[in-house]
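Participant: The primary structure of each chain is shown beneath.
Protein chains: 2
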Amino acid sequence: MKEELKVKKIKDGTVIDHIKGGMGRKVLDILDIGGNFPETSALLMNVPSKRIGKKDIVKIENKTLKKDEVDEIALIAPNATWNVIKDYKVVKKSRIELPDLIEGILKCPNPKCISNADEPVKSKFKVEEREPVKLRCNYCERIIDLKDVL
Amino acid sequence: MKEELKVKKIKDGTVIDHIKGGMGRKVLDILDIGGNFPETSALLMNVPSKRIGKKDIVKIENKTLKKDEVDEIALIAPNATWNVIKDYKVVKKSRIELPDLIEGILKCPNPKCISNADEPVKSKFKVEEREPVKLRCNYCERIIDLKDVL
Numbered sequence: 001m002k003e004e005l006k007v008k009k010i011k012d013g014t015v016i017d018h019i020k021g022g023m024g025r026k027v028l029d030i031l032d033i034g035g036n037f038p039e040t041s042a043l044l045m046n047v048p049s050k051r052i053g054k055k056d057i058v059k060i061e062n063k064t065l066k067k068d069e070v071d072e073i074a075l076i077a078p079n080a081t082w083n084v085i086k087d088y089k090v091v092k093k094s095r096i097e098l099p100d101l102i103e104g105i106l107k108c109p110n111p112k113c114i115s116n117a118d119e120p121v122k123s124k125f126k127v128e129e130r131e132p133v134k135l136r137c138n139y140c141e142r143i144i145d146l147k148d149v150l
Numbered sequence: 001m002k003e004e005l006k007v008k009k010i011k012d013g014t015v016i017d018h019i020k021g022g023m024g025r026k027v028l029d030i031l032d033i034g035g036n037f038p039e040t041s042a043l044l045m046n047v048p049s050k051r052i053g054k055k056d057i058v059k060i061e062n063k064t065l066k067k068d069e070v071d072e073i074a075l076i077a078p079n080a081t082w083n084v085i086k087d088y089k090v091v092k093k094s095r096i097e098l099p100d101l102i103e104g105i106l107k108c109p110n111p112k113c114i115s116n117a118d119e120p121v122k123s124k125f126k127v128e129e130r131e132p133v134k135l136r137c138n139y140c141e142r143i144i145d146l147k148d149v150l
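Chains as they are written, first to last, in the numbering used here: chain A, 1 to 150; chain B, 1 to 150.
For the record, the hints were derived by calculation from the structure and aren't laboratory data.
Some hints could be false.
[Unchecked claim] Simulated crosslink set (PhoX-like; lysine-lysine; CA at most 20 Å straight-line):
hint, chain 1, residue 1, chain 2, residue 2
1, A, Lys9, B, Lys126
2, B, Lys9, A, Lys9
3, B, Lys8, A, Lys54
4, A, Lys147, A, Lys107
5, B, Lys134, B, Lys147
6, B, Lys26, B, Lys54
7, B, Lys147, B, Lys26
8, B, Lys9, A, Lys54
9, A, Lys134, A, Lys11
10, A, Lys9, B, Lys54
11, A, Lys20, A, Lys134
12, A, Lys147, A, Lys126
13, A, Lys63, A, Lys89
14, B, Lys26, B, Lys63
15, B, Lys63, A, Lys54
16, B, Lys134, B, Lys11
17, B, Lys147, A, Lys63
18, A, Lys93, A, Lys9
19, A, Lys66, A, Lys26
20, A, Lys107, A, Lys20
21, B, Lys63, A, Lys50
22, B, Lys9, B, Lys89
23, B, Lys147, B, Lys126
24, A, Lys92, A, Lys9
25, A, Lys63, A, Lys93
26, B, Lys11, A, Lys54
27, A, Lys107, A, Lys9
28, A, Lys147, A, Lys134
29, A, Lys26, B, Lys147
30, B, Lys54, A, Lys11
31, A, Lys11, A, Lys63
32, A, Lys50, A, Lys66
33, A, Lys126, A, Lys112
Please take these sequences and the hints and turn them into a complete structure.
Facilitator: Structural data, given as structure tokens:
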């Protein structure tokens with residue numbers, strides 16, 4: 001009896017490849033996959049990769065990514081590859097890159113920052129450094145390590 | 001360009017199949033897979049299943065299950081199938097069944113229960129009902145819904 005597990009081809013959907021090994025579950029969190037998410041999906045972890053050593057891969061049927069989802073994935077898996085599948089074919093392939101400005105995803109950890117006041121203001125962070133990621137709040141100018149806001 | 005994702009055969013490890021759709025991520029939590037877990041592993045979600053409608057599958061290289069891990073999986077994925085893989089072959093296949101007594105995994109939600117006293121006592125629950133699961137604490141005799149302790 002041979003053991004083999006194949007993930008069937010998806011007709012339409014999204015494949016996120018070259019996620020840094022160990023970060024794939026966080027990508028599922030960002031996309032809210034698991035629990036009640038109804039579509040067929042797959043997470044492969046610590047797959048050997050020539051480019052990045054060990055990589056995770058996320059594959060989701062009937063799902064397209066929104067801009068804020070892509071920006072959030074870019075924070076934890078910069079340089080991941082984003083494939084759009086239509087009718088069993090890769091119709092678009094791109095690199096997920098950290099934008100220069102991150103809007104509305106993260107919350108400034110400074111309690112006195114105007115973005116945390118009662119009147120809602122959309123958070124904005126400038127990417128100051130990329131490896132490791134350092135952000136600067138557009139309002140209070142505090143410099144923030146990514147690990148402090150994720 | 002065709003898109004196909006295959007999960008390579010594993011030489012040695014564990015496959016947990018027929019997990020109720022949506023519960024696979026909780027199985028990864030129980031086994032502490034993700035983040036720093038170094039082995040190749042896979043989670044497939046909402047795979048069509050004749051037996052249970054939609055199922056999740058977890059596959060982990062170089063991992064054997066311990067008894068308390070199996071008991072904890074039984075709580076959230078009763079009747080899952082547990083395959084032990086050695087040298088690319090399924091050498092053991094069994095059903096993960098809820099035991100009659102669950103020891104040391106759950107914490108009694110009754111703050112006055114002796115199992116929550118300063119002197120550590122190993123928690124013990126008798127399985128009173130199986131669908132849905134209802135447990136009785138061996139010490140304070142409180143009847144507990146599974147959702148209150150997971």
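Participant: Compare the structure with each hint and give your call.
Facilitator: Checked hints:
1. A:Lys9 - B:Lys126: violated, 44 Å
2. B:Lys9 - A:Lys9: holds, 17 Å
3. B:Lys8 - A:Lys54: OK: Lys8 (chain B) and Lys54 (chain A) at ~15 Å, within 20 Å.
4. A:Lys147 - A:Lys107: holds, 12 Å
5. B:Lys134 - B:Lys147: Answer holds: Lys134 (chain B) to Lys147 (chain B) is near 9 Å, not above 20 Å.
6. B:Lys26 - B:Lys54: At roughly 16 Å apart (the allowed maximum being 20 Å), Lys54 (chain B) and Lys26 (chain B) satisfy the hint.
7. B:Lys147 - B:Lys26: holds, 13 Å
8. B:Lys9 - A:Lys54: holds, 17 Å
9. A:Lys134 - A:Lys11: violated, 38 Å
10. A:Lys9 - B:Lys54: holds, 17 Å
11. A:Lys20 - A:Lys134: It holds: about 18 Å lies between the C-alpha atoms, which stays within 20 Å.
12. A:Lys147 - A:Lys126: Holds: Lys147 (chain A) and Lys126 (chain A) sit about 16 Å apart, inside 20 Å.
13. A:Lys63 - A:Lys89: holds, 15 Å
14. B:Lys26 - B:Lys63: Roughly 17 Å between the alpha carbons, so the hint for Lys26 (chain B) and Lys63 (chain B) holds.
15. B:Lys63 - A:Lys54: holds, 18 Å
16. B:Lys134 - B:Lys11: violated, 38 Å
17. B:Lys147 - A:Lys63: violated, 30 Å
18. A:Lys93 - A:Lys9: holds, 17 Å
19. A:Lys66 - A:Lys26: holds, 16 Å
20. A:Lys107 - A:Lys20: violated, 24 Å
21. B:Lys63 - A:Lys50: Violated, at roughly 24 Å.
22. B:Lys9 - B:Lys89: holds, 9 Å
23. B:Lys147 - B:Lys126: holds, 16 Å
24. A:Lys92 - A:Lys9: holds, 16 Å
25. A:Lys63 - A:Lys93: holds, 15 Å
26. B:Lys11 - A:Lys54: holds, 18 Å
27. A:Lys107 - A:Lys9: Status violated; Cα separation ~38 Å.
28. A:Lys147 - A:Lys134: holds, 9 Å
29. A:Lys26 - B:Lys147: It is violated: about 24 Å lies between the C-alpha atoms, which goes past 20 Å.
30. B:Lys54 - A:Lys11: Cα-Cα ~18 Å, so holds.
31. A:Lys11 - A:Lys63: holds, 11 Å
32. A:Lys50 - A:Lys66: Distance of about 29 Å is beyond 20 Å: violated.
33. A:Lys126 - A:Lys112: It holds: about 19 Å lies between the C-alpha atoms, which stays within 20 Å.
When the structure is compared with the earlier hints, violations turn up for hints 1, 9, 16, 17, 20, 21, 27, 29 and 32 and for no others.
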